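There are 2 protein chains.
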Amino acid sequence: MNAPRLLRALQCQPVDRVPIWLMRQAGRYLPEYRALRAQHSILELARDARLAAEVTMMPLRRFDLDAAIIFADILLPLSTLGVAFRFAEGEGPVIETRIEEPRDVDRLDVADPRAAVAPTLEAISRVRAVLPQDKALIGFAGAPFTLASYLTEGGSSRDCARTKTFMFRHPEAWDRLMQALRSVALEALAAQIAAGADAVQLFDSWVGTLAPDDCRAFVLPHIRFIIRELKARHAGTPVILFGTGTATLLPAMAEAGADAISVDWRVPLRDAGAIVGAGTALQGNLDPALLAAGPMERLRETTRAVVSEGSRHPGYVFNLGHGVLPHTPVEHVAVVVEEVRRYEPGRGQRT
Amino acid sequence: MNAPRLLRALQCQPVDRVPIWLMRQAGRYLPEYRALRAQHSILELARDARLAAEVTMMPLRRFDLDAAIIFADILLPLSTLGVAFRFAEGEGPVIETRIEEPRDVDRLDVADPRAAVAPTLEAISRVRAVLPQDKALIGFAGAPFTLASYLTEGGSSRDCARTKTFMFRHPEAWDRLMQALRSVALEALAAQIAAGADAVQLFDSWVGTLAPDDCRAFVLPHIRFIIRELKARHAGTPVILFGTGTATLLPAMAEAGADAISVDWRVPLRDAGAIVGAGTALQGNLDPALLAAGPMERLRETTRAVVSEGSRHPGYVFNLGHGVLPHTPVEHVAVVVEEVRRYEPGRGQRT
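Just so you know, the sequences run in chain order A and B. Heads up: the first sequence is residues 1 to 351, going by our numbering. Heads up: the second sequence is residues 352 to 702, going by our numbering.
Keep in mind the hints are simulated off the structure, nothing from the lab. Model, not experiment: these values are computed from the prediction. Fair warning: there could be bad hints in the mix.
Partner residues are not named here, just some residues of chain B that face chain A (Cβ under 10 Å, in silico) [what the hints assert, rightly or not]:
(1) Gln390
(2) Gly505
(3) Arg509
(4) Ala524
(5) Thr560
(6) Asp565
(7) Trp616
(8) Leu650
(9) Ser659
(10) Val681
(11) Ala685
Every residue, glycine too, gets a C-beta built ideally from N, C-alpha and C.
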């Protein structure tokens, strides 16, 4: 009867408390995660359903969070395309089969990504079995632009210059690449919903490197396609669209059909709310650097300011603007969860 | 009598043509620059006044640009603080004496940076002697936040997470760091003006990683200090304030007292113009990835669109949103200069 608080907020329904989860809540800032990582690589964890489920549950044992997000990586489904990658210690992902020329796109094997995400699907079943009913389980996938950026840059990039150069120079090959990647994202998300995910987040982490017109021309149609198809197959499952540095892209992103838009600390939530309008929920937007830094009093104050501003929007989920940083003290996370819990929508902070 | 077109535009005075220069116009996309770099490191070029002057003039021999920007690097003046750095091939700058703790700030030697920029000052005299009178000469320095980001990250960083963690965690040490760096930037810029620079640009390349409130609290006072002091010493010399990803920071940046604000491709120029208002010039904002990519027709069209939108603002300088990318074909730059030249302010494109 009572849907988890997170799902109600994503559907812009009233909630008793502002729901909270944190991107990368299961990550390197947790000592128990680091202990497991000392024995296993990221890919080993993600490809072992038992371990992935275990990691997924770690932050929920410590903090009163409203959602688990399944432990996986946005690159996992790419193996279905014949893309080889690895995670270099301290460097992040390294893509070994890069896209440099249009012919590299034609070589991609457009297959069903469900095999590549099979361990994630099994991990979802396992988490589902132990997750309390008032908590939601979130599945996710990388959005086409962000996946393309890894494929063309060969790893992380500040400006996605190679990606955009390819996009402008080879618009037809770019379109084929987007079609392949949107199909990967769509099937990965649909499979996670079928396996038991209550909501899904599409990570377009680097879309903020685009000009608004270019986002509309080269990216938005593919995002819209994914969301439309997901809605056709799984009407009731909320979709969150996430990006960073998206201040000028929000009008475009708001047209993609997502239930919620996740914004970072660069966009004040009141401005984001005015752009996305009633009927689309907001998620965000504490700066992960502040979460890592403290000091405690500033962290508490800013958290209160964020939750107060966010909850003026009908449909709001507290989160960071991007993932928890590895050097974040665990007690900072505890303090933020406590402050968000203490806040009563419509009544303000309980004293 | 007739000030160079660039200076007129920066002072919001009427111009016969839209002035154009390009960040990193003297850089790796030029074969003659690459030939020189095969024999000399970046630091060798920047620390040899004759070579720095030679590199500065390279793009002006090829293209009808309105300004030369002196060849140097924003890290050069840091050697005055006792900071050691080098340029690693393909990786960019590597800072060997990083700021990690407040005590690292106290170790900085706040000295006069003029000795560290002496070759730049001599290069300015040399360029001045050969530069046609209708061209302007631009000096520059790194802004405090961006310099601090190199010092704390140890090099380039996508999110400046370490920098911001230090800033939030140690606000007093941060303030001392900003004061040291603003003094370096101020003295470096004032010395360049005294040596013959007609205008100066303050590069706050990574300030766009900040939330608006944090920009106002931790950075803006120091930018404002630099500009106020420069104006007190050199009233007539225009100051350009540059950043990337600054869509939500523009209201703060517009209060810093700069003559012009340089924005990237993420902010439509009409929106930027509405925020900075009449009396502050705009600079920008073609995407360097498009300049690198072409195709030619799209490049011409977008250039026309940028110049047309920009020149609606009283006081506009055509530029990129960030520096020319190394893989940019020289002929793309020629095409952009041609399109900007062809445009008549108030009358539109000549056919």
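How the hints compare with the structure:
With 10 Å as the threshold, the beta carbon of Gln390 of chain B stays out of range of chain A, its nearest partner Cβ sitting at about 27 Å, so the hint is violated. Proximity of Gly505 of chain B to chain A is violated relative to the hint, the smallest CB-CB distance being about 12 Å (cut-off 10 Å). At its closest, the beta carbon of Arg509 of chain B sits 4 Å from a beta carbon of chain A; the interface hint therefore holds under the 10 Å criterion. Hint status for Ala524 of chain B relative to chain A: violated, with the closest Cβ pair at about 12 Å, above 10 Å.
A hinted interface residue such as Thr560 of chain B counts as satisfied when its beta carbon comes closer than 10 Å to some beta carbon of chain A; here the least separation is about 8 Å, so the hint holds. Evaluation of the Asp565 of chain B hint against chain A yields a held restraint, the C-beta minimum of about 7 Å falling below 10 Å. A distance limit of 10 Å between C-beta atoms decides the matter here; for Trp616 of chain B the minimum to chain A is near 4 Å, and the interface restraint holds. Given hint, Leu650 of chain B at the interface with chain A, holds; its Cβ is 8 Å from that chain's nearest Cβ, closer than 10 Å.
The beta carbon of Ser659 of chain B comes no nearer than 14 Å to any beta carbon in chain A, farther than 10 Å, and the hint placing it at the interface is violated. Below 10 Å, beta-carbon pairs count as interface contacts, and Val681 of chain B has none with chain A, the closest being about 15 Å; its hint is therefore violated. Here the hint on Ala685 of chain B is broken, as its CB sits about 17 Å from the closest CB of chain A, past 10 Å.
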